[in-house]
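*Asks:* From first to last, the protein sequence lines stand for chains V and B. With the first letter of the first sequence counted as 1, position 49 gets the number 1199 in the numbering used here; the numbers rise by one all the way through. With the first letter of the second sequence counted as 1, position 483 gets the number 539 in the numbering used here; the numbers rise by one all the way through.
Hint data in this document are derived by calculation from the structure and do not stem from the laboratory. Cβ atoms here follow ideal geometry from the backbone N, Cα and C, with glycine treated the same way. Incorrect hints may have been included.
Claimed, not checked - Taking lysine to any residue pairs in the SDA-like style, the calculated list, with each CA pair at most 25 Å apart, reads: (1) Lys312(B) x Gly1180(V); (2) Lys312(B) x Lys1295(V); (3) Lys312(B) x Ala1219(V); (4) Lys1155(V) x Glu1241(V); (5) Lys777(B) x Asn339(B); (6) Lys245(B) x Asp677(B); (7) Lys389(B) x Lys114(B); (8) Lys295(B) x Asn339(B); (9) Lys258(B) x Val1231(V); (10) Lys1237(V) x Trp144(B); (11) Lys1237(V) x Lys777(B); (12) Lys731(B) x Glu1241(V); (13) Lys1295(V) x Lys731(B); (14) Lys295(B) x Asp264(B); (15) Lys385(B) x Asp375(B); (16) Lys312(B) x Ser1166(V); (17) Lys389(B) x Asp377(B); (18) Lys629(B) x Asp677(B); (19) Lys389(B) x Glu428(B); (20) Lys371(B) x Ala160(B); (21) Lys1295(V) x Arg662(B); (22) Lys1237(V) x Asp598(B); (23) Lys312(B) x Asp1168(V); (24) Lys312(B) x Val1231(V).
Stated by the list, open to error - Far from chain B by the CB rule (all over 12 Å, computed), these chain V residues: (25) Gly1158; (26) Arg1176; (27) Ala1217; (28) Ala1233; (29) Lys1237; (30) Asn1265; (31) Ala1271; (32) Gly1279; (33) Arg1291.
Below are the chains, spelled out letter by letter.
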Amino acid sequence: MIELKINGETKSVEASPDTPLLWVLRDVLGMTGTKFGCGIAQCGACTVQLDGKSMRSCLLPIGSVGARAITTIEGIGATPVGAKVQKAWLELEVVQCGYCQSGQIMSAAALLANNPNPDDADIDAAMSGNICRCGTYVRIREAIKRAAKA
Amino acid sequence: MFETDTATAPAPSRRTILKAGAAGGLLLVIPLPLARADDRTKAAFAPDAFIRLDTTGKVTLVMPQVEMGQGIYTAHAMMMADEMDADWQMVSVEAAPPNTALYANPMLTVQATGNSNSVRAFWKPLRTTAAAARAMLIAAAAKQWKVDPASCTADSGNVVHAASGRKLSYGALANAAAKELRPADPTLKTPDQFKLIGKPLKRIDTPDKVNGTAKFGIDMMPEGVKFATLAASPVLGGKVGNVDGQSDAMAVPGVKQIVILDDLVAVVGDHYWAAKQGLDALNITWNDGANANVTTALVWADLKKAAASPGLVAKKEGDADKALSNGDKLEAKYELPFLAHAPMEPMNCTVHVTPDSCEIWVGTQVCARTQEAGATITGLPLEKVTVHNQLLGGGFGRRLETDATEKAVRIAQKVDGPVKVVYSREEDIQHDRYRPSYYTQMWATLKDGKIDGWLHRVAGSSVVARWLAPAFAGNHNIDFDEVDSAIDQPYDIPNLRVEAVRAEPPGVTTGFWRGVGPNNNVFAVESFMDELANKAGKDPVDFRRSMLDKNPRLLNALNVVAQKSGWGSALPKRVGRGVCCQPSFASFIATVVEAEVDENGEVHLRRINTAVDVGTAVNPDTIRAQLQGGIVFGLTAALYGEVTLENGRVQQSNFNDYRMLRINQVPNIEVHLIKSAEPPGGIGETGTTAGPPALRNAIYAATGIALRRLPIDREILSGRKKA
């Protein structure tokens, strides 16, 4: 049994410590908002936050999480920054298919929590690990700026 | 606001009849009214298979067209709500169950979402249905009030009798409306009467997509579900030989079962990770079969050999041979590679097979074919196969195929209880149905600075011949998609011939890929136009303008984009602008890409403008988004996209070697919408076809290097290799 603190709740899961967090979230706990995209930390679809820092959950063994607080897309709206990001995303209608957007929002919220006024270079640096196959990048950039001003 | 669960198949008496329309497409003929109370929704009023109205006033649109990011749930709901005068806040949508008779795409004859035609195909049928519903609601109110229906109006979910100040809600009228006769030919609104169409309404599918609650196929969790992942033969078409290491795999914590079929091995576990670890623990040897020696070089040798002979004539005007036999002649041969789709949601399918049922959860562009596949494999009658269609985490044509579903059903036949089969990204890229490689030869002669003779010979695999065989046979064995945007190229050319050569690559199954045939033909035509302009000593935009007399909408788009992009103004060294004009998918689009080519041959996108006359813009914001995203999709292919084969195996595997454009590489993309009251054109694929030729022409302008093959070759652009 491993204890994980997810979105403010403690969950006990039965899985070996080398199991990536992604699969514990999705398949063991049924929290399917976090997405599988590549399995090798190339696409960012599986992004969650650990103590506020964005992390790729597909390569993060649960045994290494320890006491750090996990935040997922299901919980990010409860943070002021997360709520602002979600609002900006809808105001600018960023989303197309939406599959990558959980990861995009988690990365954007982590960026804004640490840097309330990112410029284009900051946005590029924080967001270039998140692929969007629908090509919503132009609006992601605008929405981050909108959320920063909100 | 929307539901994606499916209803049971509607009663067979509710037939939608398809018949050939005058315009060569198909018209949806609406059946007699039926007031069937749906068991699940308790709809009081269901005038046909598309619209349900309950007594609370909730209107549900049953959507045959699937939502894969293109915004069709919203666009179709707007078309329906506007024509029905429904209250937009009371409208929701639901994915249609499989039923070709009821839900076939009028332009494809198959229950399919593709070819950028969902708005076009349903523009009239869906609005006619909604207008009939409105007329029946008005008739019901008028009867109750004992007034002339013509004295009543409808507005935002109410019928109003202005003279007496009376008003009844649609919900209150639902039961009575169900007893009214459906008008055969209800009057449709004129564009000036539209209240919703043309407004940038917020999408109805996106709120759930920003908080993790939206469900894609891969998110299905039926009670007791197990998780599986699979390996098919790395050599395309190979079979399973020996499977060693089974005890090692079974020893992986969480592994439950190994499924060995003739062409694949799957491992089932308590979660995907267990299944993947179990699969990796196996040592599978494969019988490679007939394709063990297939290479990219072999595919291209075959293709070029086939293309050396004339193809079937798809279009002929004037005398191309005569015009090409004298004058200033130019020849160019363009090459496009195989491409994988790589939707962000890897291929997956959840299936529960029992002795007398097969239940499938999947996001698919072909719902009815999915049901048919389930029935064929299990031997069950069609009605015992249920399909719950879900949101698609990208389609791009990949989900027009049922191959992944077929594999999942076959695996599920061996598993007790429901099983979710998820492809690894590597499996997804290495077992795709690939965009065909195309070899396109262009010949033209110039006379007085304009094109006089033109021969366009396209050679490649025919997807239509496999996917929609009757449409291939019915078109004299010419694949309409292979020649799309070639036979209808936009320029005034007096002597023209378009030829199609079908050449199937050994071992590789091809499929539709966003932008389909126009991807190739727009690239060839627009690249060639720039080379011809250069030969004529003309500016590329002026050269095109001089031959667009018969295409005023495209000419206008070209003029708009030239102005917005600052066409002709000075640029720094090694920076160029490139243009692309296209009338594809019945929309008129001109695009300018500005790009820099650095000394190392790397290409940097600087600015992108596109002007679009899509006709009536149902939701202008969605159109902007589709252009922006489509251009990125196309430019990704132009800059990186290529699937290659060695020893019958696809060499690419994941996003490290099948690269995608990322946010740091994408500049602002400005979309200029041209106002128009013409019927709507398609939009989902147009940006994808526009981006690559515009970029290729920008590189040509920046460097003078005429690239004739994609993806771009940085060795050539750096001067390290000759073009």
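*Asks:* Sort out which numbered hints this structure fails and list those numbers smallest first.
*Replies:* The structure breaks hints 2, 3, 4, 5, 7, 11, 13, 14, 18, 19, 20, 22, 24, 26, 28, 29, 31, 32 and 33; every other hint is satisfied.
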